[in-house]
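Each chain, written out:
Number of protein chains: 2
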Amino acid sequence: MYDVIIIGKGPAGAQAGIYLGRAGFKTLILYKDDGSLAKTDYIENYYGYNQPIEARKLLEEGVEQAKRFNVEFREDEVVMFLSSEDNQILVKGLKEEYKASYVIIAAGMTRKSLNVPGLKDYEGKGISYCVTCDGFFFRNRKVAIIGYTRFAEHELNDLLMFTKNAYLLTNGKDMEFDVSALKEVTVINKQINLIYGEDQVKGIEFKDGSKEGFEGIFIAYGTADASSFCVKSGIATDKGKILVDDSKMTNIDRIYAAGDCINSYMQVATAVSDGALAARSVIERLKADRKNAK
Amino acid sequence: MYDVIIIGKGPAGAQAGIYLGRAGFKTLILYKDDGSLAKTDYIENYYGYNQPIEARKLLEEGVEQAKRFNVEFREDEVVMFLSSEDNQILVKGLKEEYKASYVIIAAGMTRKSLNVPGLKDYEGKGISYCVTCDGFFFRNRKVAIIGYTRFAEHELNDLLMFTKNAYLLTNGKDMEFDVSALKEVTVINKQINLIYGEDQVKGIEFKDGSKEGFEGIFIAYGTADASSFCVKSGIATDKGKILVDDSKMTNIDRIYAAGDCINSYMQVATAVSDGALAARSVIERLKADRKNAK
Numbered sequence: 006m007y008d009v010i011i012i013g014k015g016p017a018g019a020q021a022g023i024y025l026g027r028a029g030f031k032t033l034i035l036y037k038d039d040g041s042l043a044k045t046d047y048i049e050n051y052y053g054y055n056q057p058i059e060a061r062k063l064l065e066e067g068v069e070q071a072k073r074f075n076v077e078f079r080e081d082e083v084v085m086f087l088s089s090e091d092n093q094i095l096v097k098g099l100k101e102e103y104k105a106s107y108v109i110i111a112a113g114m115t116r117k118s119l120n121v122p123g124l125k126d127y128e129g130k131g132i133s134y135c136v137t138c139d140g141f142f143f144r145n146r147k148v149a150i151i152g153y154t155r156f157a158e159h160e161l162n163d164l165l166m167f168t169k170n171a172y173l174l175t176n177g178k179d180m181e182f183d184v185s186a187l188k189e190v191t192v193i194n195k196q197i198n199l200i201y202g203e204d205q206v207k208g209i210e211f212k213d214g215s216k217e218g219f220e221g222i223f224i225a226y227g228t229a230d231a232s233s234f235c236v237k238s239g240i241a242t243d244k245g246k247i248l249v250d251d252s253k254m255t256n257i258d259r260i261y262a263a264g265d266c267i268n269s270y271m272q273v274a275t276a277v278s279d280g281a282l283a284a285r286s287v288i289e290r291l292k293a294d295r296k297n298a299k
Numbered sequence: 006m007y008d009v010i011i012i013g014k015g016p017a018g019a020q021a022g023i024y025l026g027r028a029g030f031k032t033l034i035l036y037k038d039d040g041s042l043a044k045t046d047y048i049e050n051y052y053g054y055n056q057p058i059e060a061r062k063l064l065e066e067g068v069e070q071a072k073r074f075n076v077e078f079r080e081d082e083v084v085m086f087l088s089s090e091d092n093q094i095l096v097k098g099l100k101e102e103y104k105a106s107y108v109i110i111a112a113g114m115t116r117k118s119l120n121v122p123g124l125k126d127y128e129g130k131g132i133s134y135c136v137t138c139d140g141f142f143f144r145n146r147k148v149a150i151i152g153y154t155r156f157a158e159h160e161l162n163d164l165l166m167f168t169k170n171a172y173l174l175t176n177g178k179d180m181e182f183d184v185s186a187l188k189e190v191t192v193i194n195k196q197i198n199l200i201y202g203e204d205q206v207k208g209i210e211f212k213d214g215s216k217e218g219f220e221g222i223f224i225a226y227g228t229a230d231a232s233s234f235c236v237k238s239g240i241a242t243d244k245g246k247i248l249v250d251d252s253k254m255t256n257i258d259r260i261y262a263a264g265d266c267i268n269s270y271m272q273v274a275t276a277v278s279d280g281a282l283a284a285r286s287v288i289e290r291l292k293a294d295r296k297n298a299k
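Sequences listed follow chains E and A, in order.
Numbering of the first sequence is given in this note's numbering, commencing with residue 6 and proceeding in unit increments.
Numbering of the second sequence is given in this note's numbering, commencing with residue 6 and proceeding in unit increments.
Please note that a few of the clues may not be correct.
Stated by the list, open to error - Here are some of the chain A residues that sit facing chain E, going by a computed Cβ distance under 7 Å:
id : residue
1  : 57
2  : 59
3  : 281
As the list claims (entries may be wrong) - Subject to a maximum C-alpha distance of 30 Å in a straight line, what follows is the list of computed DSBU-like cross-link-like pairs (lysine-lysine):
id : chain 1 : residue 1 : chain 2 : residue 2
4  : A       : 72        : E       : 169
5  : A       : 62        : E       : 62
6  : A       : 169       : E       : 296
7  : E       : 72        : A       : 72
8  : A       : 44        : E       : 62
9  : A       : 169       : E       : 299
Unchecked claim - Calculated from the model, a selection of chain A residues having no Cβ within reach of chain E, i.e. all distances over 12 Å:
id : residue
10 : 27
11 : 212
12 : 239
Just so you know, the hints here were simulated from the structure itself, not pulled from any lab data.
Note that beta-carbon positions come from the ideal geometry of N, C-alpha and C, so glycine has one too.
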């Protein structure tokens, strides 16, 4: 029985854990993988690091920091939540079941991605998932965005601040926005066969056998949607994001959410704030619970 | 002529500068001092630092980080803002005048403080201004809060999570809240003469000559109020905080605000998020301005 279970060990989850552990509450962080931060190479826009920090290193620092305040960590994939009697939340994982008075979902975003050979090999080696985060590294370079939705349009607009040598690759999909206003952009509407490179990404081979070289590739494919456990557990979402009130609480009492799963500006700087604010709300609730129990 | 002038070089201001500089906008940060962060000893609850970091070191890292992205820094105290013709903001400093298309106020809070001998000597050496930040360092110790307002009540409630050996020192002021519910707290209603100590704070001497030893002292005296330049410039505030909308814009077009001056949860983790979000809003505006100018 925990005071709080946090789902996700990224910036939002670990930051919430740091506040909760420091306030003396028994806290468990469940995680299924390293999340989207680990797919990034370096972070240089998070306040406090004069020199760019490896994303994996930042992730590890956060985990160790939470452990200093006695936060427990356990690898398990959460399947769903059930509100049980006595105002407790039952958290069903693939390995085990857990109980807590409060839950904070900081599970990040599962971005619908391409299933193309070579993609995973060059993540963080020229392939990125966030123009705001990494566009700066590719200024004045020849860069492709793979996508066809309004999410891709948004990323494309941001990319044009860094380079005029921009390509939109739709992978043969029908475009869901009007690209004609973006005169600088070259659109290629062929299906993608594979992504190739050496140490770094070099380019894309299409199914018709033709190739196009790129120095950077951004994936903005499909739409991001909230993890399926939300749907299963009756947690309200909108356009792939979990809906929360000002206190970061979802539509279900005692279940809060923070980070990329609620916030479309998927930055470390905003994730840590969400985590801190969700933790503050939960701490206030826990204090009130204890007062009432006296 | 700058794209953006930021007031304040703390976490909110520097984080905004990092985003703006990285996006290629000409940005100036004006600061009058090192702000409240520099009055803190160590930070251990900001995500990403496994080991506690000296607050001064964190502040310097943030400044250097912004400088890497060509953000300029200049020491000057801002007196007021004037919206001039051509949608520009005139920023009047004590030394000079500056012009920018947008302003982000990240000036922190001027906390009304005690004027008591010894106070300044022990800041960061047992004297702190934030229980959420530093209460953990004083768990189970004998600790005093100096204050009499509801702000002091809030801090006192937080302090009781860390120690039951808590004192409220009103410095002879009438209390503005009911302390009788807090049975564990000892109230001393005498006027304070001085704060004494050696390397660290040791205690307080009252005007009647009596003394009381403490291992830690928190200042929660009076209420915090927004800097006077806001009042002079017609920027709306409420209870000492600058009012902003969802985009972090104040009631005056092109003037935004971020950090402790808008946020009552005065944490580095929330300040950086405010800074990032204000910068994002300003970047969107600047992009639109450029599009319209074509």
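Each hint, compared with the structure:
Of the supplied interface hints, the one on residue 57 of chain A is violated, with its beta-carbon coming no nearer than about 9 Å to a beta-carbon of chain E, more than 7 Å. Taking 7 Å as the C-beta cut-off, the interface hint given for residue 59 of chain A is violated, the closest approach to chain E being about 12 Å. Checking residue 281 of chain A against chain E by beta carbon gives a least distance of about 4 Å; that is within 7 Å, so the hint holds. Between residue 72 of chain A and residue 169 of chain E the alpha-carbon distance is near 26 Å, which keeps this suggested pair within the 30 Å criterion.
Note on residue 62 of chain A and residue 62 of chain E: the hinted pairing holds, with a Cα-Cα distance of about 19 Å set against a maximum of 30 Å. A threshold of 30 Å between alpha carbons decides the hint, and for residue 169 of chain A with residue 296 of chain E the separation of about 15 Å falls inside it, so the pair holds. At most 30 Å may separate the alpha-carbon atoms for a hinted pair to count; residue 72 of chain E and residue 72 of chain A exceed this at roughly 33 Å. Of the pairs offered as hints, the one joining residue 44 of chain A and residue 62 of chain E holds, with about 29 Å between alpha carbons and a cut-off of 30 Å not exceeded.
For the proposed pair residue 169 of chain A and residue 299 of chain E, the alpha carbon gap of about 16 Å is at most 30 Å, so the pair holds. Listed as outside the interface, residue 27 of chain A is inconsistent with that label: its C-beta sits roughly 5 Å from the nearest C-beta of chain E, within the 12 Å cut-off. The non-interface label for residue 212 of chain A is consistent with chain E: the shortest C-beta to C-beta separation is roughly 35 Å, beyond 12 Å. A cut-off of 12 Å between C-beta atoms confirms that residue 239 of chain A is not in contact with chain E; the least separation is 27 Å.
Against the hints set out earlier in the document, violations occur for numbers 1, 2, 7, 10.
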